[in-house]
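A.B. asks: As a plain string of letters, each chain reads:
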Amino acid sequence: NAGVTQTPKFRILKIGQSMTLQCTQDMNHNYMYWYRQDPGMGLKLIYYSVGAGITDKGEVPNGYNVSRSTTEDFPLRLELAAPSQTSVYFCASRELRAGELFFGEGSRLTVL
Amino acid sequence: GQQLNQSPQSMFIQEGEDVSMNCTSSSIFNTWLWYKQEPGEGPVLLIALYKAGELTSNGRLTAQFGITRKDSFLNISASIPSDVGIYFCAGQGGGAGSYQLTFGKGTKLSVIP
Chain B
3 NAGVTQTPKF RILKIGQSMT LQCTQDMNHN YMYWYRQDPG MGLKLIYYSV
53 GAGITDKGEV PNGYNVSRST TEDFPLRLEL AAPSQTSVYF CASRELRAGE
103 LFFGEGSRLT VL
Chain D
5 GQQLNQSPQS MFIQEGEDVS MNCTSSSIFN TWLWYKQEPG EGPVLLIALY
55 KAGELTSNGR LTAQFGITRK DSFLNISASI PSDVGIYFCA GQGGGAGSYQ
105 LTFGKGTKLS VIP
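Protein chains in written order, with our numbering: chain B, 3 to 114; chain D, 5 to 117.
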């Protein structure tokens, strides 16, 4: 089982550029999440989805957008990259609302 | 939003020593989870706790769900070099927003051989 797969693993963007971080899971999980991790700050929830076609904002959604057209995929879009979005991004999924959260390996984004 | 205070922020210990870290919350949680993250990887679940007072072990790791439902601790016995990493607690409430986990800021563990 591949679990949760994120691409790309590393990316450097210029200020104002756009990009999409891809996330796919092969566990048929309904719940999917995007977190960002800054040094010493733990994990902050950006957006989450409880099923295909349903998304909602987390703690730090500004500057990001998501979509959930299928159960498997949950891409995160940055429209106008800013230096404050330099971070490591983690996608995660779980089967149950209170079950174990499975993480991808992360995508390290630098905005210069 | 909900706040989780995790302590200590970092620890340097000798191989073989026991380790203790804890998390406290301003809100009641229905679930406490403990994760470990190694460099360049995503967090991996160590222990899940679903009931107040629950004490659960996973090898040398033991975690407890506090009776007040506002705290949890993780102990590691007889530490070894591969215990190095960042340990995160995470809590989930049962009301509105219960799809979300709140994470602590992490405890960075260094083990000196």
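Since the hints were derived computationally from the structure, they do not count as laboratory data.
Check the hints yourself; a few may be wrong.
[Unchecked claim] Here are some, though not all, of the chain B residues that point toward chain D, as calculated from beta-carbon distances under 8 Å:
1) TYR33
2) MET43
3) GLU74
4) PRO77
5) GLU81
6) LEU82
7) ALA84
8) PHE92
9) LEU98
10) PHE105
11) LEU111
The C-beta atom is built at its ideal place from N, Cα and C for all residues, glycine as well.
A.B. asks: All hints are to be evaluated individually against the structure, with a verdict given for each.
C.D. replies: Each hint tested on the structure:
1. Of the supplied interface hints, the one on TYR33(B) holds, with its beta-carbon coming within about 7 Å of a beta-carbon of chain D, less than 8 Å.
2. The criterion of a C-beta within 8 Å of any C-beta in chain D is met by MET43(B), whose closest approach is roughly 6 Å, and the hint holds.
3. For the restraint placing GLU74(B) at the interface with chain D, the shortest Cβ-Cβ distance is roughly 18 Å, beyond the 8 Å limit, so the hint is violated.
4. Interface hint status for PRO77(B): violated, as the beta-carbon distance to the closest one in chain D is roughly 17 Å, over 8 Å.
5. Interface hint at GLU81(B): violated, since its Cβ lies 24 Å from the closest Cβ of chain D, which is beyond the 8 Å cut-off.
6. Taking 8 Å as the C-beta contact cut-off toward chain D, the hint placing LEU82(B) at the interface is violated, the least distance being around 25 Å.
7. Contact between ALA84(B) and chain D, as hinted, is not supported at the beta carbon level, the nearest pair being about 22 Å apart and thus beyond 8 Å.
8. With its C-beta approaching chain D no nearer than about 5 Å, PHE92(B) sits inside the 8 Å limit, and its interface hint holds.
9. Hint on LEU98(B) is violated. Least Cβ distance to chain D is approximately 10 Å, over the 8 Å limit.
10. The beta carbon of PHE105(B) is positioned within 8 Å of a beta carbon in chain D (closest approach about 3 Å), and the interface hint is therefore held.
11. Below 8 Å, beta-carbon pairs count as interface contacts, and LEU111(B) has none with chain D, the closest being about 15 Å; its hint is therefore violated.
Violated hints, listed in ascending order, are 3, 4, 5, 6, 7, 9 and 11; each of the other numbered hints is respected by the structure.
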